[in-house]
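From just these sequences and the hints, can you work out the full model?
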Amino acid sequence: MDSLQIILARTSAEFEPGNDLVGQLTWNISKAPDRVELRLFWTTFGVGIPESKIVQAVTFDRLLTFDSRAFKFKLPQFPYSYRGKLMSLSWVLEATAFPSRRNVRKHFIMGPAGKEVVLPSADGEVFDASRKAA
Amino acid sequence: MVLRTRPFSFWQFVLWVLASAGAAAVIYFMGEVHLVNFNATGVLQPARLDIGVLVFAVGALCWFVTRCWKYFDPYPEVRITPGAAPLGSSFDVEWIFRGSKRRVRSMGIALEGREEVMAENKTGKRARSQRLTAPFYVENSETPQKIGKGHVHVQVPEGLMPTFESEKTRIVWLVRFENQIKWGARMKYEFPVQVLPEVARG
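If you're matching them up, the sequences are chains A and B in order. Using our numbering, the letters of the first sequence correspond one by one to residues 1 to 134. Using our numbering, the letters of the second sequence correspond one by one to residues 1001 to 1202.
These are calculated hints, taken from the structure and not from any lab test. Yeah, the Cβ is synthetic: ideal placement off N, Cα and C, and Gly gets one too. Warning: the hint list may mix true and false statements.
[What the hints assert, rightly or not] Beta-carbon label-pair distances, calculated as ranges:
| hint | chain 1 | residue 1 | chain 2 | residue 2 | range |
| --- | --- | --- | --- | --- | --- |
| 1 | B | R1105 | A | V92 | 48 to 54 Å |
| 2 | B | P1157 | A | V47 | 21 to 27 Å |
| 3 | B | E1120 | A | P120 | 25 to 31 Å |
Now the structure itself:
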């Protein structure tokens, strides 16, 4: 059975800004992929419109059907993973094999002391500012 | 970082004055015409269009005059030092009211951190883009004794999100000024501050 896996060197999925994100990308695919892309990005989700931003990416080519490649990314200082009332931000490592587009994702936390920032709820309702501005 | 506020510029004020004068002239002209007719015929019978124009002109005059009046409202000029402060540190907010300071009755200063996101409202027939905000931190500073001019020390909390700006999601920090003035509405001003990530310790 085809498989594509991201294996991090650390068992914990909690990282601090500036840490090295080290691991191995392994796959066992019946037809050798043309290339495999590994992307490091953050993504937001919640009641608002989601968005993502790729921070770093690496492409592996000249691949075998069963192979393994080491990778190392240096995490940026910002933005932190956070959970808010409206939106949350998560860090993701995603590998995609081409042309099959088989992909796998690994979510992790990046923040001070390796913790996600949880935004408290202050007094005040969710406010539609666009209505006021109109 | 010095932040200035002003309801509008002098030239905009001149524009509102001219607009007020125009509305007043329309009212005067219409009044004079009808008064001459009344003196001649002894009957006051304005056309519906005249009544409509008169009502519109009076409404416009009131609105233009209130706009002009706002030009004389006192407004704060704020200096925030340093311009960018890390979480867990503090900054100074100095302010001075320009304009008619004696009209300032009371004021309040607060540090607010809030989420701002763009969302799609799909409840109607067509999806409408809307900007939602939700505060996650509000800390009121002590009300200063001297209102016209003064400064406060504002502490930025630890363990929260620094300023973050992407296309559709923002974490903003701002100093909020609210003051009540004599013969005027409650004024609200927001001055954005740049909050940086916490400085690593040890």
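Hint-by-hint comparison with the structure:
1. Between R1105 (chain B) and V92 (chain A) the Cβ separation comes to about 52 Å, which falls inside the hinted range of 48 to 54 Å.
2. For the pair P1157 (chain B) and V47 (chain A), the beta carbons lie near 24 Å from each other, so the given range of 21 to 27 Å is met.
3. Between E1120 (chain B) and P120 (chain A) the Cβ separation comes to about 26 Å, which falls inside the hinted range of 25 to 31 Å.
The structure agrees with every numbered hint stated previously.
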